[in-house]
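Respectively, the protein sequence lines represent chains B and P. So for the first sequence, my numbering puts the first residue at 1; every next one is plus one. So for the second sequence, my numbering puts the first residue at 1001; every next one is plus one.
Since the hints were derived computationally from the structure, they do not count as laboratory data. Just to be clear, a hint being listed does not mean it is correct.
[Unchecked claim] Within a straight-line C-alpha distance of at most 20 Å, the following computed DMTMM-like cross-link-like pairs (lysine to aspartate or glutamate) qualify:
{"hint": "1", "chain 1": "B", "residue 1": "LYS184", "chain 2": "P", "residue 2": "ASP1078"}
{"hint": "2", "chain 1": "B", "residue 1": "LYS190", "chain 2": "P", "residue 2": "ASP1107"}
{"hint": "3", "chain 1": "B", "residue 1": "LYS184", "chain 2": "P", "residue 2": "ASP1107"}
[Unchecked claim] Restraint-style ranges between C-beta atoms, simulated for each label pair:
{"hint": "4", "chain 1": "B", "residue 1": "TRP116", "chain 2": "P", "residue 2": "SER1325", "range": "21 to 29 Å"}
{"hint": "5", "chain 1": "B", "residue 1": "LEU94", "chain 2": "P", "residue 2": "ARG1303", "range": "20 to 28 Å"}
{"hint": "6", "chain 1": "B", "residue 1": "LEU142", "chain 2": "P", "residue 2": "LEU1053", "range": "54 to 62 Å"}
{"hint": "7", "chain 1": "B", "residue 1": "PRO186", "chain 2": "P", "residue 2": "VAL1300", "range": "53 to 61 Å"}
{"hint": "8", "chain 1": "B", "residue 1": "TRP116", "chain 2": "P", "residue 2": "ALA1256", "range": "47 to 55 Å"}
{"hint": "9", "chain 1": "B", "residue 1": "TRP116", "chain 2": "P", "residue 2": "ARG1100", "range": "36 to 44 Å"}
{"hint": "10", "chain 1": "P", "residue 1": "SER1115", "chain 2": "B", "residue 2": "ILE193", "range": "35 to 43 Å"}
{"hint": "11", "chain 1": "B", "residue 1": "ALA115", "chain 2": "P", "residue 2": "VAL1297", "range": "19 to 27 Å"}
For clarity, every value in this text was computed on a predicted model and none was experimentally measured. We treat Cβ as the ideally placed atom computed from N, Cα and C, and that holds for glycine.
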Amino acid sequence: MISIIWSELRMWEQVYAQKTLGTVLRFVAVITAISIVRPEMFFSGAIFSGLYLGLLAGKHTWSPAKPWEWTGRGGLPPLLVIGGKIIAVVLICLVHLIVLTPVAILTSALWGIPAWVLAYAVLAILMGAATTSAWAMMGHYLSLGNGSLADLFAVGWFAATLIVPPFRLVNPLWLAWVILNPEKTPLFGKGIIMGLALLFLTIFAIGILMRNERGYPFERR
Amino acid sequence: MSGIGRIVAFLLALFVINVVMPVHAERVEMSVEVGFGGYVVPGRWNPLRLELLGETGAGRIEFHRQDRNRRPVIERFDLSAVGNGLIIECPVFSGETGSRLQVKWFDGKRLLAESTVDTAKRIFPGHLVLTVGVPPPVEETIEESLSEQEPILTAAVALIELPQSTMGYDGVSAIVMTDPGPLLNPAQLRSIRSWLAGGGQLVLRRPRPGNSGIASALLPQLPTAQKISWGLGKISFMGKFDEEAKEAWQGVIKLAPFITDYRLTPSRIFIDEGLKVSPLPKSPWLPGLFVTIWAMVGIVLSRMPRRSLRWWLLFSLIASFLAFSYSQWLALRWYRGASVQTRAVYLPGTNGAYFDCHVNPLYTGKWVGVDYQPLPWDITVDSDWDETGLLSPGKDTPLYWCHSTVQSRWHVLSDDTGGMNLQGWLPSSLDTSEKLADSLIRSALSVAWWDGTQWFTPSEDQDQDGWQPIEEVPEWFVEQNQWFQRIQQISPQLGWLVGYGALPQESWYVQKTSVKTAWWVLPLPVEVAE
């Protein structure tokens, strides 16, 4: 698993770091500068940045090898491969959040956002990125590696959880609103537990899909 | 079922269980009592006593009324403690024609109980005299004797019904009490002392001797005279006298005409005429400027040809340090763009102060065409009594004030256009008026002294100590003139120290940012000031 994480991070840093860091920085800068660094806008910007990173990771943009290559050639269990990739995207997302720290500090001081709210927001952003990545991976796998379903699945889970009221608790955007609204904050823990449950369900679902595919499914087909 | 299947089933069950929320119900009752003896004094704060019976879980209580401009005012108490029964005292301001007050008890979104009180039918625009333990014939005599001067209503209350909140005595002109002994609780004693200091009149009927009397709890020293002064108020100890004689009471309780009864009490001193709202520098573009510079440096970094993750981290570190320093500087000038205007009137002696705070959060709602949920405003008053309130915007409701404690000392007078006017009382933590005056003068940005005939300002001459007379009223004072003029009418024989600056003990925080300045007034006898 460590070799999977390391290879993802190395490839991202060598080829894509400049691009993704620049994109996230520009996007968050625009959205916060026009809104007096309002926390809900900053959090929204950071969440969409997480979704963007999750989608790219889910499409294996910076992966040296696809999951089925790891399971086939490397003989690694599918869950280990998917888990490694998810951890890698979480770490990459964290690097982006470090770059966004100055704006977080500004937001926090100007709008009186306590540190625990920022910590909760980081959790929501990371969970959103990881879940998007997992859904994009599933779409990517189901579309036989050409990635046509990856975008649909990544946007789909996010849109569905935003639209369907009972599932809103797992939506990172809704969670950001929850933590900025003291009346609703107690729901955050529940949202994170449900979000993690959804994330692990998705990972296990990909694992089940891949379990019987040893080797190169697309070559066999 | 395989291992993975079992885990999937467990997670699925967890997901589904969390979606379905349990609902629990309890039998509850609620009783609401406003004013004294069912009557409220218009244009004054009146006590509201709410009793909750049944299991009080983690629900909330909401008070809905209209302010004098017919705008809705909402105060809210969150009930965090679970228990059987709870009493909440919440002074409410009654408009000149009374108001309709709704009290709602919620458990989540579910309305457990609701009660409506219409004070319009029970207003009494005159002097209210509370009687505690006084026989009905004596009560009648008091009412008859004093009503020859002014409209007067006596209301019999039990000892336990005397408000614990200082604001609850706003509409009370006098209290006639048969000495019950030292039975009042500390909150009641403190409130009565403050009410007396502001000009209240207490008549103790049949006072008990020494430490068995209420005077031993109320006063620092046992009284030696039949009448003693306490600030602007007085306490009369009436032993044996002809209670049935009207003339006797006319000599004991002196009531000014109701309309011009300017006691030091919140509804009489905090008038809005002449209050100039002076918003603090908002500078909404300053945070944007920082973000823009940060982004430009970042974009340059992202165009660098070489791999540069370490440069990104170094950039983030430096920018974070700058953001920290810059935001601390900016936050002190900004308050999220709010206008915060605080006025304080200290009571004579060390009987605390009344506060009036207008908070106008400007940046809620729409901004550059985006309509998003406005954030709650967190306001903390930090003295010996920490109290936090949230000015929270509801989706379909105006701003509402959410109390952090059921023993609150701050209440909503009105919902100003876009903001909120809060009034409250805080105790004094300094021993003497002299110490308080020294502390206020030291931290004042502007200060002046009115001795009843002339204005003085601190001497600018280093060689000359003290105060120098000035021919004209200070310019900054003229801006607040009407408000101070009203205060001067309360007691012309007193001198008044007036100023603008930091308050010595109280710290106000709006969104964790300290509010440094307030207009303040301290009454001082001329000899003390000299």
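Taking the hints in turn, this is what the structure says about them:
{"no.": "1", "hint": "B:LYS184 <-> P:ASP1078", "result": "13 Å, holds"}
{"no.": "2", "hint": "B:LYS190 <-> P:ASP1107", "result": "19 Å, holds"}
{"no.": "3", "hint": "B:LYS184 <-> P:ASP1107", "result": "14 Å, holds"}
{"no.": "4", "hint": "B:TRP116 <-> P:SER1325: 21 to 29 Å", "result": "23 Å, holds"}
{"no.": "5", "hint": "B:LEU94 <-> P:ARG1303: 20 to 28 Å", "result": "23 Å, holds"}
{"no.": "6", "hint": "B:LEU142 <-> P:LEU1053: 54 to 62 Å", "result": "60 Å, holds"}
{"no.": "7", "hint": "B:PRO186 <-> P:VAL1300: 53 to 61 Å", "result": "44 Å, violated"}
{"no.": "8", "hint": "B:TRP116 <-> P:ALA1256: 47 to 55 Å", "result": "53 Å, holds"}
{"no.": "9", "hint": "B:TRP116 <-> P:ARG1100: 36 to 44 Å", "result": "40 Å, holds"}
{"no.": "10", "hint": "P:SER1115 <-> B:ILE193: 35 to 43 Å", "result": "38 Å, holds"}
{"no.": "11", "hint": "B:ALA115 <-> P:VAL1297: 19 to 27 Å", "result": "26 Å, holds"}
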